[in-house]
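Colleague: Position one of the sequence shown corresponds to residue 2 (this note's numbering), numbered consecutively onward.
Derived by calculation from the structure, the hints in this document are not laboratory data. You may find that some hints are simply not true.
Said to hold, decoys possible - Pairs of lysine-lysine, DSSO-like flavour, derived with a Cα cap of 30 Å:
| hint | residue 1 | residue 2 |
| --- | --- | --- |
| 1 | K39 | K23 |
| 2 | K234 | K122 |
| 3 | K53 | K172 |
| 4 | K53 | K122 |
| 5 | K234 | K187 |
| 6 | K53 | K191 |
| 7 | K148 | K122 |
| 8 | K117 | K135 |
| 9 | K35 | K7 |
| 10 | K135 | K122 |
Since we're looking at a predicted model, the values are computed, not measured.
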Amino acid sequence: YSHPDKLEVGALVNVPLRNSSKKAIVISETTLPKFRTKPIDRVISSSPVISKIGMDTAQFISDNYFCTFGEAIGSMLPVTFGKKRRLIATKESKNIKLEKRLNLTMEQKKVLDSIKIQGIKNPHLLFGVTGSGKTEIYLQLISEVLKSGKSAIILVPEIALTPQTISRFTKRFGNDSIALLHSGMKETEKFYQWQSINNGNKKIVIGPRSALFAPLNNLGIIIIDEAHETTYKQNNTPRYQ
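Given the sequences, and given the hints that come with them, work out the whole structure.
Modeller: Here it is as structure tokens:
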């Protein structure tokens with residue numbers, strides 16, 4: 002396909018395919034070939050909707066989980082992208098009294114210090130029964146990440162667990178920096194959240210496994226709560242764990 006203007010990799014466009022027009026992502030630029038090209042119908046978003054990291058992740062998924070590159074890219078974008086829509090912001094309370102950072106027990110402090118010494122970029126596995134204080138460690142790690150200008154993803158095994166997780170994180174960080182993503186949301190709301198994340202307005206994303214594909218910039222930490230749960234396996238294409 003060809004276009005008179007230079008388009009960035011990751012731009013969203015409409016292209017002619019057989020007798021219809023389909024949404025497509027610009028994945029690379031090349032010199033004009035000898036054969037005839039088809040013109041791009043319309044540029045939906047000249048700004049990249051998929052980052053370089055997103056492109057690389059989609060390629061990894063395609064190579065390792067037996068699906069097409071397009072199927073992998075599709076899992077990263079809201080369904081309503083490019084359609085006419087009316088975006089409605091969620092009602093967010095601005096007067097939440099934020100919870101102060103709690104004092105850690107000796108065991109929690111030992112775990113937190115160990116993670117900091119080994120580095121957040123390395124994988125760490127936390128064992129502890131419900132109520133043993135793992136969430137407070139998550140909160141304090143995320144606080145450190147946010148201070149360094151980075152962002153965070155918190156994955157939970159089920160949609161049903163997101164309200165209580167959101168409540169705990171909202172009390173610590175407020176509503177303004179937190180986004181929620183899951184399949185039970187209306188598409189317009191999901192797109193609003195996606196756009197807020199992509200614009201850099203949200204620094205913390207909470208949700209089940211699909212929230213892993215949130216378009217966060219400068220990701221600093223990924224927390225997978227209850228990582229042993231089987232719901233972290235995706236049984237539809239693209240299949241991944």
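Colleague: Hint by hint, note whether the structure agrees.
Modeller: Structure-based check of each hint:
Proposed proximity of K39 and K23 is supported: the alpha carbons are some 13 Å apart, at most 30 Å. Pair hint K234 plus K122 holds up; C-alpha atoms about 23 Å apart against a cutoff of 30 Å. For the proposed pair K53 and K172, the alpha carbon gap of about 34 Å is over 30 Å, so the pair is violated. Between the alpha carbons of K53 and K122 the distance comes to roughly 20 Å, so the proposed pair stays at or under 30 Å and holds.
Between K234 and K187 the CA atoms are separated by roughly 23 Å; this keeps the pair inside 30 Å, and the hint holds. With a CA separation close to 22 Å, the supplied pair K53 and K191 stays within the 30 Å bound. For the hint pairing K148 with K122, the CA-to-CA distance comes to about 16 Å; that is within 30 Å, so the pair holds. For the proposed pair K117 and K135, the alpha carbon gap of about 15 Å is at most 30 Å, so the pair holds.
For the given pair, K35 sits about 19 Å from K7 by alpha-carbon distance, which is consistent with the 30 Å threshold. Straight-line distance between C-alpha atoms of K135 and K122 comes to about 18 Å, which keeps the hinted pair within the 30 Å bound.
Comparing the model with each numbered hint stated earlier shows that hint 3 is the single one that does not hold.
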